[in-house]
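Quick one: dock chain against chain with the hints and give me the complex.
Next come the chains, spelled out residue by residue.
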Amino acid sequence: MGDQSRICSVWLGSETGILKGVSVSRKQAFNFCNTSHLSRDQEVRGLCWGDPAESELLVGCVDGTVKTFSVEKGVFTDCRRYGEPADGCFTGLATVDGSTLVTCAESGTLRVWREDSTEPVTEINAGKNVCRMRQSPVHGNKVATGGKENGLKIWDLEKPEGPVFTAKNLRDDWLDLRRPHWVRDMAFIPDSDKVVTCTSYHQVHVFDPSTPQRRPVLEAEYGEYPLTALSLTADGSTVVVGNTHGQIALLDLRKGLVRGCLKGLAGGVRALQCHTSRPVVASCGLDRFLRIHSLEDRTLQHKVYLKSRLNCLLLSGRDLEDGAEAADGANQEVKEEEEEDEVWDAMEQVQEKGKQKRKTTTQEEEEEEEEEEEETQKKSKKKKKRKRPRDI
Amino acid sequence: MDITEVPTNQHGKCKKKKKAKNKSDSKEGSGEGSGVEKMEDSVAASSFPPTFSVSEIKNKQRRHLMFMKLKQEKRKQKLQLKKKKKKERKALGDKAPPKEVPKTIENQRVYDETTVNPEDEEVAFDEGTDEFSAYFNGLTNPKVLITTSDRPRGRTVKFCEQLATVIPNAHVYYRRGLALKKIIPQCIARNFTYLMVINQDRQLANGMVLCHLPDGPTAHFKMSSVRLRKEMKRRGKDPTEHSPEVILNNFTTRLGHTIGRLFAALFPQDPQFIGRQVATFHNQRDFIFFRFHRYIFKNEKKVGIQEMGPRFTLKLRSLQKGTFDSKFGEYEWVLKRHEMDACRRKFQL
Chain A
1104 MGDQSRICSV WLGSETGILK GVSVSRKQAF NFCNTSHLSR DQEVRGLCWG DPAESELLVG
1164 CVDGTVKTFS VEKGVFTDCR RYGEPADGCF TGLATVDGST LVTCAESGTL RVWREDSTEP
1224 VTEINAGKNV CRMRQSPVHG NKVATGGKEN GLKIWDLEKP EGPVFTAKNL RDDWLDLRRP
1284 HWVRDMAFIP DSDKVVTCTS YHQVHVFDPS TPQRRPVLEA EYGEYPLTAL SLTADGSTVV
1344 VGNTHGQIAL LDLRKGLVRG CLKGLAGGVR ALQCHTSRPV VASCGLDRFL RIHSLEDRTL
1404 QHKVYLKSRL NCLLLSGRDL EDGAEAADGA NQEVKEEEEE DEVWDAMEQV QEKGKQKRKT
1464 TTQEEEEEEE EEEEETQKKS KKKKKRKRPR DI
Chain V
25 MDITEVPTNQ HGKCKKKKKA KNKSDSKEGS GEGSGVEKME DSVAASSFPP TFSVSEIKNK
85 QRRHLMFMKL KQEKRKQKLQ LKKKKKKERK ALGDKAPPKE VPKTIENQRV YDETTVNPED
145 EEVAFDEGTD EFSAYFNGLT NPKVLITTSD RPRGRTVKFC EQLATVIPNA HVYYRRGLAL
205 KKIIPQCIAR NFTYLMVINQ DRQLANGMVL CHLPDGPTAH FKMSSVRLRK EMKRRGKDPT
265 EHSPEVILNN FTTRLGHTIG RLFAALFPQD PQFIGRQVAT FHNQRDFIFF RFHRYIFKNE
325 KKVGIQEMGP RFTLKLRSLQ KGTFDSKFGE YEWVLKRHEM DACRRKFQL
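The listed protein sequences derive, respectively, from chains A and V.
Residue numbers 1104 to 1495, in the working numbering, belong to the letters of the first sequence in order.
Residue numbers 25 to 373, in the working numbering, belong to the letters of the second sequence in order.
The following block holds chain V by itself, in its conformation from the complex (with noise of 0.2 Å):
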C-alpha cells in the first residue's frame, strides 16, 4: 500500500527528470504486481532513451498539467531559436543568407502535366478551332439567357436580376417547369448563346449550369457564399450598361482554359473603358472567384476600387461535351471526390 502514496509536490518537482516520473506512474497507474517488473524495465531500459509520453498520466489534471508545462516549454524553445536567427542576420548584415519562403498550398502544389504550354501548337489548334472559336473570331456576339429552377425564390430572384445587370446582353426569363432539353433549340432558333441556370436549394442559390449553345460544352458549378448588392459594405452605384473589362486569374490546365473560354465567352469581345467596370474571375486551389469592381486611376500608380455586384464562388462539378444532356450526353470531367481530393496539393483548373 506505501507504493501508491506519493505526495503531490514530487510531481511539481521532478518534472525533468522522465526516470523518476516513469517510477512514480508505474506506481500509481497500475497495481502492486506489475510495479516491480515495471521497475525492472525501467532499470533494463535505461540503455535505451525512455519512451514516456505524457499520455501515459491517467490522471486528467495531473496530464493536463503536464501538456500545458511541455506545449509552453516547446514554445520557449521556439522563442528563444528565433531570437538566436534574428541576432545572426543582424550581426552578418549585408552577408545573412535570404529569408527563406514559407511553405503554402500554391507553393506546394504538385506540377500538373496536363498545364498549358503557351508556345504548344496542337493546343492551340484545339483552342483555335474548338466550340468558342466563333465567339473568340469575332463571328458571334454573346446573348445570355438566364433562369432559375422551377419556383424559385426571393433572393434567388433578386440575385438573377443582379445577374443580368452585371452581364451586357443578359435576360432573365421566368421558369415555368419547362424541360431544358427543349429550351435549348428554341434559344438556338432565337440566337442566343448562352444558357445560364441558377439552381437553388433551400431559398439559397447553390448550383449554377452553363451551357454554351450552338454545340458547345455544358458546365456544372456548385456554388456558394453568394452575396446580393444591398450586403456589399461601402458599395457605391448600380453599375452601368458599358461592358465591363474581363479578368481571368490563374487558369493553368488544360481543363482551366476550356473554363477561362467559358467565362470570357459570355461577355463581348470589344469593353468599353469608359465605364470603368472590371469582373474577375479568380481561381485558387478550384474555386472560382467572382468579383465586380468599379475602378479608377487616381494618379499613375495609385487606382482606388470599389466593389459592387453580386460576388461568388464557383466549383466545377463536371464538364460535359455537347448541350445539356446529362443522361446520355459524354463528359469530358467529372469531380470524383474520393479519388481527386485525395491530395491536398494536387488541383485540375
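In isolation and in its complexed conformation, chain A is listed as follows (with noise of 0.2 Å):
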C-alpha cells in the first residue's frame, strides 16, 4: 500500500468516499479507502495537503469528519470530527504551518482548530452558502471565502473581528436592476494581493485590495454557463476556468480575453489545478474522468477513467513524470543510449530543416535531446523513432 501511494502524483477525492491516488507516468490508479464497506456519507470534499513537505493529506468529508492519510504508509493513519453535518458539507480545508487547520462549511462558519483541542481556537461568520474557501499561498493566515448572493471576503485569521476586505457587487444594470452575484471559486494571484474569482453568471473577476476600489478591477465573461472551477498558472497571467458544461477556457488576466478552449470533458468541471513547474493542467469533474492537459498547445496529454464522479483534486508538488524515473533510471537511459548510437551511426547525414515544435513532451525525452543535440541534428527523425504509444 505504501509503495502504490508513494509514486502518485495526482489525488482525488470521489463521490463514493473513495480516495484516488494516479501514477500518471506508470498509468495506473490506486483506490484507498479508510472503511470496508463504502457509504455516501463519506463523500469527499475537500482535500488539502497536511503539511507543506506534502507526506500527509486531509480528507473532509461530507459528515464533517477530516480523516489524515498517510502518503508513505498508504493508509488512513487519523479520523477527527471537525463540525456537525448540519452546518452543511466542506467547502475548504486549508493548514496553517502544518498544525493549525482551517474549515469552513456551507452555512459559513470558519474555523481554526489546533491540533490537540476538540474545540475551535477562532470562530469567523462568513455569512451564509459559502461556495468555495481558498488559502492565499502566501501569507498562510490571509483565507478567502464568497458564495451565492455572497460577494468576496478576505479575512485575516488573527484577527477575526471583521474581513480585511470586502468586494463591492457590480454596479447596477442599464435597466437599474440589482446585478445577482454568485462567486463558485477563487484564487490568489502569486506576487501581488489581488484575488481572481469565477461566478455562475459566467464572469471572471479581479479585485485588488490594496486598491480603495470595492468593485472588481478586471471583468472578463466566457461562456453561456456557470464556471464552476478555476485555477492559476504558475506565472499568474492566465487562469483556467471551467464550467458545468465541460467547456474548459484559459482567459488571460492582462486584458480579460480567452486565450483557447481545451476539450475532452463531457461533464461538468468539478475542479481544476495548474501544476506548479510544468506547463499541464489537471481536471476532473461529473464524467468520471481525470484529464490531463499540455497548457502551450492545449493537446490532451492523459485521460485515466476512474469509476466515481470525481469532486476534488490535488497535484503532488514533484513531477508528474517522477515515478518511472525514479523506478528505472540509469538502466533505461544506458540501454537507449546504446542503442541509439548503433542507430545513428547507420544513418546518413541530414541538414536540420528546422526547428519542429515538441507535441509531447516527457522527462527522458528532454534529457536525451539535450545530449543529442550536442552530438547530431536529426530532430525530425528522432521523434519518429521516440513515439511512445500515448493513450487518449
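Hints were generated in silico from the structure; no laboratory data involved.
Careful: at least some of the hints might be erroneous.
What the hints assert, rightly or not - List of simulated lysine to any residue pairs, SDA-like, C-alpha gap at most 25 Å: (1) A/Lys1130 to V/Glu137; (2) A/Lys1358 to A/His1305; (3) V/Lys182 to V/Ala194; (4) A/Lys1130 to V/Glu145; (5) V/Lys351 to A/Pro1155; (6) A/Lys1251 to V/Phe352; (7) V/Lys345 to A/Tyr1408; (8) V/Lys205 to A/Gly1326; (9) V/Lys345 to A/Gly1191; (10) V/Lys206 to A/Arg1281; (11) V/Lys370 to A/Gly1191; (12) V/Lys351 to A/Ser1419; (13) V/Lys345 to V/Pro295; (14) V/Lys167 to V/Leu204.
Unchecked claim - Here are a few chain A residues that sit away from chain V, every Cβ distance over 12 Å (derived from the structure): (15) Glu1118; (16) Thr1180; (17) Trp1277; (18) Glu1327; (19) Gly1363; (20) Thr1379; (21) Val1407.
Using N, Cα and C, we set each Cβ at its ideal position, and we do this for glycine too.
Pasting the structure below:
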C-alpha cells in the first residue's frame, strides 16, 4: 500500500468516499478507502496537504469528519470530527504551518482548529451559502470566502472581528436592476494582493485589495454556463476556468480575453489545478475521468477513467513523470543511448530543416534530446523513433 | 493540325493500352507545343508505371464510357474471384477455412473504457446508492406525469395519450404555460416519481425531457420517427392495464447503465405476465428504439409477436445531475457533436 501511494502524483476525492491516487507515468490508479464498506456520507468534499512536505493528506467528508492519510504508509492514520453535518459540507480546507487546520462549511462558519483541542480556537461567520474558501499561498493567515449572494471576503485569521476586504457588487445594469452575484471559486494571484474569482453568471473578476476600489478591477466573461472551477497558472498571467458543460478555457488576465479552450470533457468540471512547475493542468469532473492537458498547445496528454464522480483534485508538487524516472532510472537511459548510437551511425547525415515544435514532452525525451543536440541534429528522424504510445 | 485528328474508333480498340491512350489524350487535350513534351514524358516515364486515370479525359462522353468500362471490368474480376473461392471451398469440403465475418460498424466499435464490468465493486456500489436506489430497492412505485410544451397540437396530444396507456400509472396533464421549475416541487409533493415533457415543434413531437423526481437526473433526448397506433400495420387491440415486461438491450457503458436504469424505473417492478405485453428499449449506435409488443407462445420454441402501441426513436443529448435546471444545473454528460461524432465507430451509450 505504501509503495502504491508513494508513486502517485495526482490525488482525487470521489463521491463514493474513495480517495484515489493516480500515477500518471505508470498510467495506474489506486483506490484508498478507510472503511471496508463504502457509504455515501463519506463523500469527499475537501482535499489539502497536511504539511508543506506533502507527506500527509487531509480529506474532508460530508459528515464533518476530516481524515488524515499518510502518503508514506498508504493508510488513513487519523479521523477526527471537525463540525456537525448540520453546518453543511466542507467548502474549504487549509492548513497553517502544518499544525492548525482551517475549515469552512457551507453555512459560513469558518473555524480554526489546533491539533490538541476539540474546540475551535477562532470562529468566524462568513455569511450564508459559502461556496468556496481558499487560502493564500503566500500568507498562511489570509483566507478568502465567497458564495451565493455572498461576495468575496478576505479574512485575516488573527483578526477575526471582520474581513480585511469585502468586495462590492457590480454596478446596476442598464435597467437599474441589481446584478445577481454568485461566487463559485477564487484564487490568489502570486506576487501581488490581487484575487481572481469566477461566478455562476459566467463572469471572471479580479479584485485588488490594495486599491481603494472595492469593485472588480477587471471583468471578463466566458460562455453561457456557470463557471465552477478556477485555477491560476504558475506565472500568474493566465487563468483556467471550467463550466458546468465541460468547457475549459484559458483566459488572459491582462485584458480578459479568451486565449483558447481545452477540449475533451463531457461533463461538468468540479476541480481544476495547474501544476506548479510544468505547464499542465489537471481537470476532473462529473464524467468520471481525470484529464491532463498541456497548457502550451492545449492537447490532451493523459486521460484516466476512475469509476466514480470526482469532487476534488490535488496535484503533488513533484513532477508528474517522476515515478518512472526514480524506478528505472539509469538502466533505461544507458540502454537507450547504446541503441541510439548504433542507429545514428547507420543512418546518413541529413541537414536539419528547422526547429520543430514538440507536441508531447516527457522528461526522458527532454534529457536525451539535450544530449543528442550536441551530437547530431536529426531531430525530425528522432521524433519518429521516439513515439511512445500515448493513451488518449 | 494533324496532331488533333484522331479517329474515334481508336479509343474503342486500344482501351487497354495505356501508353497509346496517353499519347492520344495528350494530343487531344493540350496544344501542339506541349504535345511534344508529353510524348517525351511518356517515353521517359515508361520505366515507371503510367499514372493515368480516367479523370484526365476532357471529353465527358468518352470519359463516362471509359469509366463504365472500368467498372464493368472490376465487377467481372470480382465475380471471377468469388467463383474461384467458391470452387476452392467446395473442393476442400470439410477442411475449408471458416467463412470470414463481414465487418460492420458494430463489429468495429472502438473499445470504450467506461464499459461496465459486472464484477466491479465500485461501480456496483455507485449504482446501488445512486438516485434510483429507492426504486430498485422496492421502496417507491413509479408514478409518471406526462406533459408537453405549451399549446400542443393533434399528433403530440394523441402521442401523449398513447404513452399514458403504455406506461402504467401515468397521468397526462395539459401544460398551461407553466414553468417546469415550478411544476417540479408540486409533483414531488404529490409523490410523482417522473416528469416527462414531450416537446413539440411544427406539429411533430421532437424532444423529450425525462426528469426523475425527488432529486434525480434529468435526461434530454431528441425524438424522431414517432409512429402513432393508427399507423401501425397489423396492429390488433389496444394495450390492457397490465404492467408490461421491460427489455433493455445493449446499454454497456457507465452512461448507458444510467440511462437504462432511468428507463427501467418508469415501469413497476413486478410485471404481470398474464398481460403478455413487453416494452423494449433497444440501444444501437447511440440511438434508443422503443417498441411495444404483445407476444404469445405458440409452442415451446415459437413465439408470435404483434406490435401495438406507439414507437419512437430517441437520442440522448444531455444528462444533468439534479432536477431540471438548464441554467445552473451541472451536467454529467453533454453531447458535443464535433468532438464525439467525429469517429464513426465510437459510441457513448
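Violations among the numbered hints: 5, 11, 12, 13, 15, 18 and 21
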